[in-house]
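Protein sequence lines correspond, in order, to chains A, B, C and D. The first sequence begins at 1 in the numbering used here and counts up one residue at a time. The second sequence begins at 1 in the numbering used here and counts up one residue at a time. The third sequence begins at 1 in the numbering used here and counts up one residue at a time. The fourth sequence begins at 1 in the numbering used here and counts up one residue at a time.
It is possible that some hints are incorrect.
Since copy identity is lost for identical chains, a pair holds within one copy or between any two.
[Unchecked claim] Lysine to aspartate or glutamate pairs mimicking EDC-like chemistry, simulated, CA-CA at most 16 Å apart:
id, residue 1, residue 2
1, Lys-159, Asp-181
2, Lys-164, Asp-179
3, Lys-164, Asp-52
Source of the hints: derived by calculation from the structure; they are not laboratory data.
4 protein chains.
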Amino acid sequence: MEALLEEILDNASQYKKLGKPASYIPELAKGDVNDLGIYVISSNGQAFRAGDYKKQFTIQSVVKPILLLLVLMDNGIDEVRSRIGVEATGKPFDAINVTDQTLLSQHINPMVNMGAIAMCSLIKGKDYNERFERLLELTRKLAGNPNIHLDEAVYLSEKRTGNKNRALAFMLKSYGMLDDDVEDVLDCYFKACSISVTCKDLARIAYVFASRGKLPISDERVFPAELARFVNAVLVTCGMYDGSGDFAVRVGVPAKSGVGGGIMAVVPTRMGIGIFSPGLDEKGNSLAGTKALEELSHRMYLSIF
Amino acid sequence: MEALLEEILDNASQYKKLGKPASYIPELAKGDVNDLGIYVISSNGQAFRAGDYKKQFTIQSVVKPILLLLVLMDNGIDEVRSRIGVEATGKPFDAINVTDQTLLSQHINPMVNMGAIAMCSLIKGKDYNERFERLLELTRKLAGNPNIHLDEAVYLSEKRTGNKNRALAFMLKSYGMLDDDVEDVLDCYFKACSISVTCKDLARIAYVFASRGKLPISDERVFPAELARFVNAVLVTCGMYDGSGDFAVRVGVPAKSGVGGGIMAVVPTRMGIGIFSPGLDEKGNSLAGTKALEELSHRMYLSIF
Amino acid sequence: MEALLEEILDNASQYKKLGKPASYIPELAKGDVNDLGIYVISSNGQAFRAGDYKKQFTIQSVVKPILLLLVLMDNGIDEVRSRIGVEATGKPFDAINVTDQTLLSQHINPMVNMGAIAMCSLIKGKDYNERFERLLELTRKLAGNPNIHLDEAVYLSEKRTGNKNRALAFMLKSYGMLDDDVEDVLDCYFKACSISVTCKDLARIAYVFASRGKLPISDERVFPAELARFVNAVLVTCGMYDGSGDFAVRVGVPAKSGVGGGIMAVVPTRMGIGIFSPGLDEKGNSLAGTKALEELSHRMYLSIF
Amino acid sequence: MEALLEEILDNASQYKKLGKPASYIPELAKGDVNDLGIYVISSNGQAFRAGDYKKQFTIQSVVKPILLLLVLMDNGIDEVRSRIGVEATGKPFDAINVTDQTLLSQHINPMVNMGAIAMCSLIKGKDYNERFERLLELTRKLAGNPNIHLDEAVYLSEKRTGNKNRALAFMLKSYGMLDDDVEDVLDCYFKACSISVTCKDLARIAYVFASRGKLPISDERVFPAELARFVNAVLVTCGMYDGSGDFAVRVGVPAKSGVGGGIMAVVPTRMGIGIFSPGLDEKGNSLAGTKALEELSHRMYLSIF
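I would like the entire structure built from these sequences, with the hints used as guidance.
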């Protein structure tokens with residue numbers, strides 16, 4: 001299996017430099033496009049790895065399924081559905097889904113920035129510090145890694161430059177979809193995006209979604225199976241931004257990418273996969289990472305379709 | 001199993017009259033909202049049925065996955081991908097996906113009208129009669145029913161009133177995405193939508209997609225597994241119009257609805273389902289049909305996520 | 001005065017080759033970008049001219065104000081207002097002003113193609129031949145030139161290739177905004193765009209709008225003053241496509257351009273101007289023509305603002 | 001003349017209660033829909049008035065042409081044109097003119113909120129207090145009224161609830177179209193909208209635009225004529241929001257409305273008009289005010305077209 005992973009990374013490495021690291025904050029632009037790593041945890045809990053799987057990177061949008069899980073655990077499916085839609089928007093992740101029409105909850109989804117910002121306000125907690133701490137704790141629990149922490153430099157950089165996210169948050173607020181102080185909510189959102197992880201962390205988190213709520217080895221149930229099905233379904237329809245349809249036909253598994261270069265791929269009942277390569281395609285998905293996943297899917301018949 | 005189906009139809013029947021039959025052509029408006037039927041073929045080829053499963057209705061958009069399959073068989077995945085996108089558009093099925101920007105192939109997908117009209121021109125054949133006949137033959141083959149035929153009244157009604165589809169076709173033509181005579185292409189498209197089927201037919205067709213290309217019982221392979229995966233993936237992301245995300249979280253299987261009231265649902269490796277109830281929700285999906293599928297999915301753990 | 005016109009054409013001639021002739025039909029692409037002509041009729045009926053003012057070209061969208069005038073004369077302001085809006089759309093002339101929303105009359109205006117096509121159906125007449133003949137007669141009357149005729153080659157070329165206009169017409173029809181046969185209406189529209197004119201013709205027509213309905217010299221009233229005010233107002237807000245705002249601040253008079261290279265400019269109470277140069281800017285307005293008008297406006301204080 | 005004004009207000013008063021005061025801030029919702037007043041200054045400086053012309057109201061968007069004038073005086077036409085467009089957007093005043101495309105200066109204009117916010121940053125001044133003071137001083141100068149002041153209650157109310165404007169400002173900032181601190185810029189904008197005026201003030205300001213830069217009676221030139229032509233042109237194409245086309249055909253003069261119920265109408269070389277009635281139509285323009293202007297225009301042939 002590790003030989004297969006090595007071979008797949010070898011084949012994908014030609015795409016590493018065809019992508020570009022995210023450049024909207026200086027911290028992300030530093031990403032080394034030579035990096036490419038993968039970590040796989042199979043259904044019996046066994047782990048396989050290849051390449052730069054130990055590298056740290058910020059989770060960015062890969063935190064969105066975890067955030068969605070937390071607000072589902074805190075509020076239940078019905079309450080979350082009443083506030084945030086689940087349809088693909090047909091638009092990029094940071095699009096303003098409103099022109100001269102009223103903004104409605106069904107115009108946003110949990111995998112675009114506007115939906116994720118709205119979700120921060122649905123986490124239970126006495127203030128936004130506690131809300132972020134609860135999100136960080138859940139991330140650690142899913143990953144089985146108590147050392148997961150915030151990348152302060154990225155967080156401060158996001159906070160300083162995140163004006164489009166501020167615009168999105170004020171848009172939500174002006175349509176009555178966000179009650180709390182915008183800067184408080186955004187602080188939680190910027191921190192959430194700046195959690196530092198490795199391929200192994202993502203693979204472990206993916207594993208829990210794949211096993212529909214149970215941790216590897218111990219089989220401890222962290223959340224009900226129906227919440228996993230909910231999150232996995234959202235990942236297939238909206239997880240890879242406006243490249244989700246392409247990813248579904250080429251790879252065929254629930255997955256979430258982040259502009260930090262990470263992808264978390266969930267193969268229900270079979271495996272959790274974490275992959276990392278900072279060169280992004282024009283839709284913001286890791287280019288070599290997607291190529292590696294495509295080959296892995298073909299070689300191991302991973303597509304759920 | 002049939003007792004379960006009866007019970008599910010019973011529970012769903014309260015929704016029958018909350019939907020409305022399609023009214024854009026008089027023939028469809030005649031649909032009886034009291035009708036509700038289901039037909040299931042399980043992985044060993046065994047069949048179960050309940051309610052009005054024998055009723056005839058026009059296939060409408062449920063023909064789109066068959067049309068997609070045919071053009072994939074005729075042209076291969078790469079050629080089809082170069083002409084028609086696979087992303088959800090975030091818009092209704094008959095939306096004009098262009099305002100002041102150039103229309104590109106990636107702005108349409110095989111499950112919206114514009115994409116389906118474009119696909120008609122990709123069927124191999126010496127003229128549009130032959131193209132339609134080949135589509136009809138494939139439909140009969142997948143359904144195992146040589147008696148499937150055109151509903152002339154619906155076809156003529158569609159042809160007479162289909163001005164929005166004419167607009168869509170001329171739009172494609174003006175952007176160089178349709179070479180042939182618009183009225184010829186549309187004639188094929190209107191006929192395709194007017195094929196008359198039953199729940200049993202849809203269940204049989206769904207079964208072949210679920211078994212990734214093999215007919216029930218005989219196990220005869222009709223098309224390669226990778227084409228089934230392609231079509232099933234497109235169904236999950238775009239099959240239920242701009243209600244696809246909602247359907248994915250609530251039901252969780254590849255499916256296609258038509259404004260005739262039919263839904264074809266594909267449970268990979270497990271079953272093919274055909275369902276019919278002409279009352280539609282505001283997105284054009286059978287309301288009682290969707291409710292019945294939702295309960296069936298929960299009761300039998302059908303979600304692929 | 002003619003010396004001034006010569007000087008202005010001299011100054012504008014540097015822009016002649018920076019524009020491009022319309023290329024969507026071969027006949028228009030033949031336009032000679034070296035052509036630049038102007039014709040001015042002042043309030044006492046005196047005429048001034050310079051450059052290639054004798055060249056024939058097709059009227060194209062400059063027919064829209066004449067078409068608007070005719071339907072106003074035939075139906076009255078209230079009836080026309082109930083069917084066609086007057087707001088700038090903020091979009092190019094051939095934009096599809098509809099995505100997933102209902103198309104309403106207020107979404108189109110008489111200076112965009114969709115509005116002009118709808119207006120063809122409002123001309124009184126027993127058939128579309130008679131309707132076009134009445135439009136041609138009015139054009140001749142306004143221009144004082146009984147020899148104005150159809151350019152058959154351009155007409156046939158437009159008819160053969162006008163698929164985007166067909167899409168627009170079917171869109172109108174599908175929303176109940178066009179009752180008649182689409183090809184009949186479009187035939188009238190394509191003929192209307194293909195009327196062959198000179199700068200002198202446009203200047204004479206402009207003069208009648210400037211004098212609010214009276215012919216030069218004879219002072220014969222052709223239409224009520226309030227219709228002139230209506231048309232002139234529409235020209236200022238929408239006459240130069242989505243370059244109307246720019247034209248208003250730079251030139252400041254009601255005007256209409258066509259992709260044939262003509263511009264008709266109306267200086268209320270003072271003069272009618274016809275100008276011609278086939279090189280277009282990216283919005284479809286004659287580039288050198290606009291530059292010449294800008295200088296003429298500054299030199300003679302023509303702005304109405 | 002005052003008898004005519006009385007008669008016109010009488011006729012328009014039936015529309016007073018068909019409109020609704022702006023309700024987005026409590027201060028504006030207090031507007032008395034029974035109020036209707038008009039003030040006219042003719043070309044020789046003579047004044048006429050009728051109705052509630054002494055009532056105070058906040059200037060709201062009527063400040064936009066003054067703001068545009070100030071930034072034109074401070075920066076020149078070319079510099080302003082390089083940063084802010086002049087085309088009608090075809091959308092409401094507070095629309096987000098961006099979805100998934102880059103926001104460009106040409107997508108905004110000085111009469112929509114986004115453009116006005118951007119203009120605040122173009123006023124010369126060492127800080128935003130000084131910038132606002134300079135705008136207030138210019139307003140006083142144009143109105144010939146040194147007592148014009150800020151309505152503190154409206155200003156604080158706008159500041160507290162102006163989240164959509166915050167969204168617009170952060171959008172500008174994220175696209176590099178606003179350098180300064182968003183809250184500083186918005187503070188200036190909210191103050192600008194909250195300047196308290198009367199019909200007389202608006203009539204005097206309109207007079208100066210009508211006389212192309214000269215004060216009444218003294219004939220003192222405050223700004224060059226070409227800036228008046230620029231502002232008046234922008235008013236005709238964009239001054240009445242997405243009702244500008246309708247206003248051009250019905251009234252036919254440059255004008256600006258505000259949600260406070262005021263309208264300033266400029267009749268070049270002839271008169272300045274201030275009108276007030278807080279009931280607004282669905283586009284945000286004073287309903288009875290527009291009706292009164294329409295009749296005044298017809299009775300006195302004010303249309304410039």
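Results for each hint:
| no. | hint | in the structure |
| --- | --- | --- |
| 1 | Lys-159 x Asp-181 | both (15 Å within a copy, 14 Å between copies) |
| 2 | Lys-164 x Asp-179 | between (19 Å within a copy, 14 Å between copies) |
| 3 | Lys-164 x Asp-52 | neither (32 Å within a copy, 44 Å between copies) |
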